[in-house]
Amino acid sequence: MGLEKNNSKTFASIISEKPFIRVKTEESNPEAIKREYEVDGKAGVKYELAYDNLSGYIKDIQIYKGDFGKQLQVTVDDIVLSVPLGTGFADDLLKKLPAVNLSEPVNLVPYNFEDEKRKPRKGITIYQGEEKINNFFYDGENSLHGYPDFPEGYESFDSEDWKVYFIGVSKFLQKYLEDNVIPKLKSESVNDVADEDDIDLSQVEF
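Numbered per the working numbering, the sequence shown finishes at 192, counting up by one with no gaps.
Don't take each hint at face value.
What the hints assert, rightly or not - Computed spacing ranges between beta-carbons, pair by pair:
(1) G115 x K161: 45 to 51 Å
(2) S156 x E90: 23 to 29 Å
(3) S145 x K170: 32 to 38 Å
(4) N87 x Y50: 22 to 28 Å
(5) G115 x S145: 36 to 42 Å
(6) G139 x I19: 30 to 36 Å
(7) E24 x V150: 25 to 31 Å
(8) Y37 x K103: 28 to 34 Å
(9) N120 x K149: 24 to 30 Å
(10) G154 x E17: 39 to 45 Å
(11) S142 x K28: 37 to 43 Å
(12) G115 x G154: 33 to 39 Å
(13) N121 x F54: 23 to 29 Å
(14) G154 x K118: 23 to 29 Å
Unchecked claim - Once the Cα atoms are required to be at most 30 Å apart in a straight line, the calculated DSS-like pairs of lysine-lysine come out as:
(15) K(-5) x K170
(16) K157 x K103
(17) K105 x K149
(18) K20 x K157
(19) K20 x K4
For the record, the hints were derived by calculation from the structure and aren't laboratory data.
Every residue, glycine too, gets a C-beta built ideally from N, C-alpha and C.
Given these sequences and hints, build the entire structure.
Below you can see the structure in the form of structure tokens.
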């Protein structure tokens, strides 16, 4: 039979500080960046390689349900990028993936900044060639493709009301992805999901 090489993949995650894309590595790696983090009151240290963007062909998209919540996992060539659902990065990606031409390469560029009104802006810009992919569900004036409108009386919403609304939006985006985008992809390795040790839970927003 001869020797066979496994089709191994690299697992990456996104954090809220630059460079945003991280891959776990060993402390001995001369390019490693040390990062301290805290999850559920427990402090820890990670050593990572850091990158500004990820480019290639989207080969697979999955919503992975683990012990620590759901992850949106996008495989670009042989890199599996895990993004916790419920974060600004994931929400932005879910709004743009339906507009992507899956037969063409992409360049994913995360961002995180405050605008002129000091409002946080977090997401992932998707480029295909020179074109920047827009929000599939908004044309600048109106919601599209069934995206949930603000409910009646939203002007008087408190933080709990908005939380319920955005949970509904997140579920809508996930279902749209599962029904309309994922079926377009024929993955050769649908069981490749990130080990939960590779997932950066410190970035989950509740």
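Hint by hint, work out which the structure violates, then give me just those numbers in ascending order.
1, 6, 18
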